[in-house]
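Asks: Below are the chains, spelled out letter by letter.
There are 2 protein chains.
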Amino acid sequence: MTTTLRRVPAAEFARVQEQISDPYERTRAVSALSRINTLYMIARAGSGHLGSSFSAADIVSHLHLHEMRRPFEEDGDVYFSSKGHDAPGLYATLIGLGALEESLVHGLRRIDGLPGHPDVHTPHMPFNTGSLGMGISKAKGLILADRLHGRSRRVFVLTGDGELQEGQNWEALAGAVRHSMRELTVVVDHNKIQSDTWVADVSDLGDLEAKFRSFGWGTLRCDGNDPAELDAVFRKRAEGFPDGPVAIIADTVKGAGCDTFAATTSLRDGEWMYRFHSGAPSAEDRESAYAELLLVVDGLLSRNGLDPLRVETVQITAPPAAQVAAQRLPQVYGEALVDLARRDERVVALDADLVLDTGLIPFSEQFPDRFFEFGIAEQDMVSAAGGLAAGGLLPFVHSFSCFLHARPNEQIYNNATEGRRVVYTGSLAGLLPAAPGHSHQAVRDVSAVGAVPDLLVLEPANAAGVRAAVQFCATATQSVYLRLVSAPVPLEADALPEAPLKVGRGRVVREGARTVVIGSGPVVLAQLLAAARTLAAEGVDLTVVELPWLNRVDPQWLAALAARADTLTVVENQYTQGGQADTVARALLELDAPRTPRFRGIGLTEVPRCGTEAEALAAHGLDAASLAAALRP
Amino acid sequence: MTTTLRRVPAAEFARVQEQISDPYERTRAVSALSRINTLYMIARAGSGHLGSSFSAADIVSHLHLHEMRRPFEEDGDVYFSSKGHDAPGLYATLIGLGALEESLVHGLRRIDGLPGHPDVHTPHMPFNTGSLGMGISKAKGLILADRLHGRSRRVFVLTGDGELQEGQNWEALAGAVRHSMRELTVVVDHNKIQSDTWVADVSDLGDLEAKFRSFGWGTLRCDGNDPAELDAVFRKRAEGFPDGPVAIIADTVKGAGCDTFAATTSLRDGEWMYRFHSGAPSAEDRESAYAELLLVVDGLLSRNGLDPLRVETVQITAPPAAQVAAQRLPQVYGEALVDLARRDERVVALDADLVLDTGLIPFSEQFPDRFFEFGIAEQDMVSAAGGLAAGGLLPFVHSFSCFLHARPNEQIYNNATEGRRVVYTGSLAGLLPAAPGHSHQAVRDVSAVGAVPDLLVLEPANAAGVRAAVQFCATATQSVYLRLVSAPVPLEADALPEAPLKVGRGRVVREGARTVVIGSGPVVLAQLLAAARTLAAEGVDLTVVELPWLNRVDPQWLAALAARADTLTVVENQYTQGGQADTVARALLELDAPRTPRFRGIGLTEVPRCGTEAEALAAHGLDAASLAAALRP
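From first to last, the protein sequence lines are chains S and F. Here the first sequence is numbered in the working numbering, starting from 1 and rising by one per residue. Here the second sequence is numbered in the working numbering, starting from 1 and rising by one per residue.
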């Protein structure tokens, strides 16, 4: 299918900058052009954070056009977004201002292009963000370094409002006061909506200004979508608070700039979920937004005496759709959890602002009393799960796996030392989707929680596996870290029949000869089955084994498998260190068998790349072709 | 050496409770008796948190005597300390009130006794604390569970004031307001001193009441060492805030109850460090405190018409002192860091309120501009280190290893994805000292950070090893997690000569035959060398190898070692899963050698026990005798 998209050439950014003399009108123009290109980039990529890119667009334009000193030079002021979700908007502006190569406008979320969240390998991205709540701390470190070097750059940090639910923000405030950080300004993009819905409904922030003030910060407030107010507020910041850090609460609208995306106009009657947080808009929404955005720009150009905007049309041909299961695993999981909760009154669910992405909407609707929304506060959520377990319940705790294994790592361990039974369900596990970039690719989860006592790490391969896993969690004596892949499930992984779960035991999913390969989850198993087809054509008969337990292996089961193997390879959808390959290798050696198959582990050896599924799999040697090459005797 | 200690029998607690009619006087009496027994327990154990046990004593007594409903019954109100450092004081009171067996008074920090920090296996300890900042979250979970069960227990959580520097506290507040948690009261033991010194000098809390109020909590304030004020404040809590959570800021004095320990009287002119945070007092201080405490009690009993206190004397004979090195590793480390900083201007040091225990006092004094104190805010510290590295510096980040690998786990990874070079120095690593209990025993650090890209985990065995490690950190291209044992270094580990550090390579520290054992660090190597002596007497000639790299092994080096081994055992001062044994096993298999030695890994398989060094080593099979038995062919 071919789609026609539109984008604004950099020359048009140059034209409006040169020819619009009024500074506020210039800001509006750059913001409006950036929004058009943001839409282009996200539509082309198929995903991206549209709502917060639009809400922050005027702040980004104002800072770069008027406030920052030498923004793109080594000794110039520094800007970055702590949440990083608004990267497409920032990229669009930087491309428009000539600070990033224009060709990158076509490369959002593609390999060697512009990552889904900021990465230091892209010019003018001082930090990797996307993991929330780290920005103020990082800015403080940079300022302390600058002071030691005798530099006096100012640092502007954009945070989300939902992001302020993370405790690290509040940890970070005192130090900025202690060090009288006049260089530091935090701008809160207060668009009132976090990933799924209104911040006030998730975990109300209360009086934000009072909070910052109580931590000793100066505070100011303005309309963050109004260039004149932005200009005034930064003047007040400089004049009113010359000696310390300031938080500017910028009231914005998520999706600001056109009615189609604006939170104030896009939510239909009775709707609670904002639809433009991270996915690409529908064709209808996209076209209506394009029309609105172009109308805004042309009105702006016209009233400033300029010719209409020249847009470039770009034809995009979508690759043929892959054969995938109808449902993704988090959705199946959510339904299974509802079924379980009907039978087991102990089951409660805890969420950290990802009710949609973790499949929890049915649970939250059917068991509102047993559903607890914590907001973006994973540490609080996990410790509270410990409290719920202490109170006799069986908590299922949810977040993206990239956050769930790491942010509350000490809290998970603390629960384990109490012997509490808790189920940690981390969705978005593994390398895919690779489009959001490494902050969202959970490829270190197995190692980071694998040694927690009495915690089993379990990765189901398909819908049947998810249902069995949920049932297992209900009756196990251990805690479980459920590693859920959110990427679409390839049909051949989906088709694998249900199998009973026995801790540490796997099953053969493709009978073959003495070249044996172990994998788990839909991504690896599908690539392995495809690799097996390739190899079969060459006369190599691969035995493919699913071992869904990532930190346990049953010695007896392994001994039987090893006895039928000349070579045994473990392929992992995560870093090859500290995961299943290590566990299997150790167990294999400790079998103390007279004969041990040749062993090899394959997995990630470097920070995961951002890109399409195919790009990322190939880049890390986990696509069927690379695996076939690696497994070829 | 024999020491005479004094303790108050439970019968005396019963007498004052029965015979003192005035409720405030009764509280004072129970607090005073508890303080005497706290001193006894800590003096006997040789360590324990005296200052905060004393500051909180009146709060604990008041709650249990007057405020809590059925405090020791299943459906009664719940009290726990979130910081958990004040455990000795709580134990003393619970023993005095008959809620814990009296014999436990002799068992602080001993195996099967009372752990250094609360553990759920002790009666009336609802949660494991000692890891800071989790208490409010846990209380919330318990209350949510109670509500589902139709229960209405009240929950009282004591927090430290320094503890409030942890972001998780601030994460936790919103949910309590959202759920109108009238059941929840937080009492801040505001003794103004955190581990080393004044909170205001570490990371000033500012206006605590304003902070809690800005998060929507009710606040009250009182003298937390005055039973009458405590009584009044809890009345106000019930009457004034019937519908939501309340924080009571209880102004206390660290070490309250006698001049010797009170922060207000014990700091000498010009002293900044409070001396009674966690160690046992000197004999002189102990005796003067005993005298003061007994005087207080006898005055109290006399004015209430009671006979003087009957104390029991207990003779304690200290075991002979072990042969250990003059300096502990953190002290050597601190000096080496100063040396390095003199030569390398990029070196900066970051601390999280453990300037004494991480050896940083010399650095902080000699390089005040390059020393940054973050308070108990590990996430903030680690992200700020990323900022400092981005600014061209080489940050050395410090905390206890138990906290450093876990609390800022995601932040460490984020720094790694940016390719920042940071040195993370975790002291108090491993099983020993075992007296503080599992919250402070870092035995999961290797696995939890071992898979972070380009991060080497390195554990030096003695002073020479520490100096070499610091020098390595200065010139390496990777980041380093330096695992520092704080327990005394046994002389035979201390005596091992300096050896050059090459990544993944170890060295033979005891030449022997084909029974080869790998270990690292002073604890394991000393036990292995002792085990080797035992085995030598039986004609078994052990080869002992130091491999200080815990997540790397050089294949060539390993191949040479394997060639001279019939059996190869890896012994670890941490969980046996996810650590050095896994790394070595995997590498050994992937050597694909014609012959592989028999392999075994030995390490912790369960949550570490609290106790003396000897008790803990034996309990986990890591003492020389157990290792000799395990290694005997």
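These are computed hints drawn from the structure, not numbers from a lab. Where is the CB? At the ideal position from N, CA and C, for every residue including glycine. Mixed in with the good hints there might be a few duds.
A short list of chain S residues far from chain F (calculated; beta carbon distances all over 12 Å) [what the hints assert, rightly or not]: (1) 103; (2) 138; (3) 149; (4) 173; (5) 211; (6) 241; (7) 268; (8) 313; (9) 321; (10) 407; (11) 500; (12) 560.
Sample of chain F residues at the chain S side, in silico, Cβ under 7 Å [as the list claims (entries may be wrong)]: (13) 216; (14) 327; (15) 591; (16) 592; (17) 594.
Asks: With reference to the structure, classify each hint as holding or not holding.
Replies: Evaluated hints:
1. 103: holds, 25 Å
2. 138: Nearest chain F Cβ is 4 Å from residue 138 of chain S, so the label is violated.
3. 149: violated, 7 Å
4. 173: Answer for residue 173 of chain S: violated, closest chain F Cβ roughly 9 Å.
5. 211: Residue 211 of chain S is in fact no farther than 12 Å from some Cβ atom of chain F, at 4 Å.
6. 241: holds, 16 Å
7. 268: holds, 26 Å
8. 313: holds, 37 Å
9. 321: The claim stands: residue 321 of chain S keeps its Cβ more than 12 Å from every Cβ of chain F (closest is about 32 Å).
10. 407: violated, 5 Å
11. 500: holds, 25 Å
12. 560: The claim holds: residue 560 of chain S sits with its nearest Cβ about 18 Å from chain F, beyond 12 Å.
13. 216: holds, 5 Å
14. 327: violated, 30 Å
15. 591: violated, 10 Å
16. 592: holds, 6 Å
17. 594: violated, 11 Å
Figure legend: structure checked against the earlier numbered hints; hints not met, in rising order: 2, 3, 4, 5, 10, 14, 15 and 17.
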